[in-house]
Amino acid sequence: AQKVTQAQTEISVVEKEDVTLDCVYETRDTTYYLFWYKQPPSGELVFLIRRNSFDEQNEISGRYSWNFQKSTSSFNFTITASQVVDSAVYFCALSEVNTNAGKSTFGDGTTLTVKP
Amino acid sequence: NAGVTQTPKFQVLKTGQSMTLQCAQDMNHEYMSWYRQDPGMGLRLIHYSVGAGITDQGEVPNGYNVSRSTTEDFPLRLLSAAPSQTSVYFCASSEPAGDFTDTQYFGPGTRLTVL
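Line by line, the protein sequences are chains A and B. Counting in the numbering used here, the first sequence runs from 1 upward without gaps. Counting in the numbering used here, the second sequence runs from 1001 upward without gaps.
Bear in mind the hints are in silico, worked out from the structure with no lab data behind them. Take these hints with a grain of salt, some might be off.
What the hints assert, rightly or not - Simulated crosslink set (EDC-like; lysine to aspartate or glutamate; CA at most 20 Å straight-line):
id	chain 1	residue 1	chain 2	residue 2
1	A	LYS115	A	ASP29
2	A	LYS3	B	ASP1073
3	B	LYS1009	A	ASP22
4	A	LYS3	A	ASP108
5	A	LYS3	B	GLU1059
6	A	LYS38	B	ASP1038
7	B	LYS1009	B	ASP1073
8	A	LYS70	A	GLU96
9	A	LYS3	A	ASP22
10	A	LYS70	A	GLU59
11	A	LYS70	A	GLU44
Stated by the list, open to error - Selected chain A positions facing chain B (Cβ under 8 Å, derived; list incomplete):
id	residue
12	GLU17
13	GLY43
14	LEU48
15	ARG50
16	ARG51
17	TYR64
18	TRP66
19	PHE68
20	SER104
21	GLY107
22	ASP108
23	GLY109
Think of the CB as a built atom: it goes at the ideal place given N, C-alpha and C, for glycine as much as any other residue.
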């Protein structure tokens, strides 16, 4: 069975600090997708990134960056120079290959609070 | 495109009542799923569908029924509501992409309270 663990329940930082959200996953599949979603106080789920298991390249998008390491089964998310608008719950998720289409396993989320 | 739409946005039920949460997508996606989100937890899969006429159970299916008569619609039925079903419900759709399922698009959610 697949599992996603986000050990950090809550993180609080001051604006402009860098912050890393951890995600560790378990799966027996060799091919899978990993995702990060943002859930702001308004409640909707905002897609941030998708990474497939064959691509271990790190990715940077503006102030966001992701570090994928298969050796440690981790897919960590870093926000550089955090802003108050980054305050949200962030979810890491895992999807297995196409035979389990439309299914994702989510972590319990990390609540990030960025204080001005 | 409206994407994934869900109705209602809010609902209050009494224990034992039944109701249907509606979900529709206009992206012609094959795959659709229902999740529930309880406070302090991530999303848990209730039921999913890989195409019209095909549905299957997820992690927490008890107390819920689904059907998929069209590609666009995937309603979730609560047969006899219980307080334990108080939650936020999200519908999602996605499309196969080679050997992988493409990104899931989520609806805005339905906040359900069962008294």
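For each hint, the structure was consulted:
no. : hint                   : result
1   : LYS115/A to ASP29/A    : 40 Å, violated
2   : LYS3/A to ASP1073/B    : 29 Å, violated
3   : LYS1009/B to ASP22/A   : 32 Å, violated
4   : LYS3/A to ASP108/A     : 10 Å, holds
5   : LYS3/A to GLU1059/B    : 12 Å, holds
6   : LYS38/A to ASP1038/B   : 16 Å, holds
7   : LYS1009/B to ASP1073/B : 17 Å, holds
8   : LYS70/A to GLU96/A     : 15 Å, holds
9   : LYS3/A to ASP22/A      : 14 Å, holds
10  : LYS70/A to GLU59/A     : 15 Å, holds
11  : LYS70/A to GLU44/A     : 29 Å, violated
12  : GLU17                  : 24 Å, violated
13  : GLY43                  : 6 Å, holds
14  : LEU48                  : 10 Å, violated
15  : ARG50                  : 5 Å, holds
16  : ARG51                  : 11 Å, violated
17  : TYR64                  : 16 Å, violated
18  : TRP66                  : 15 Å, violated
19  : PHE68                  : 15 Å, violated
20  : SER104                 : 6 Å, holds
21  : GLY107                 : 5 Å, holds
22  : ASP108                 : 5 Å, holds
23  : GLY109                 : 5 Å, holds
Hints 1, 2, 3, 11, 12, 14, 16, 17, 18, 19 from the list above are not met by this structure, while the remaining hints are.
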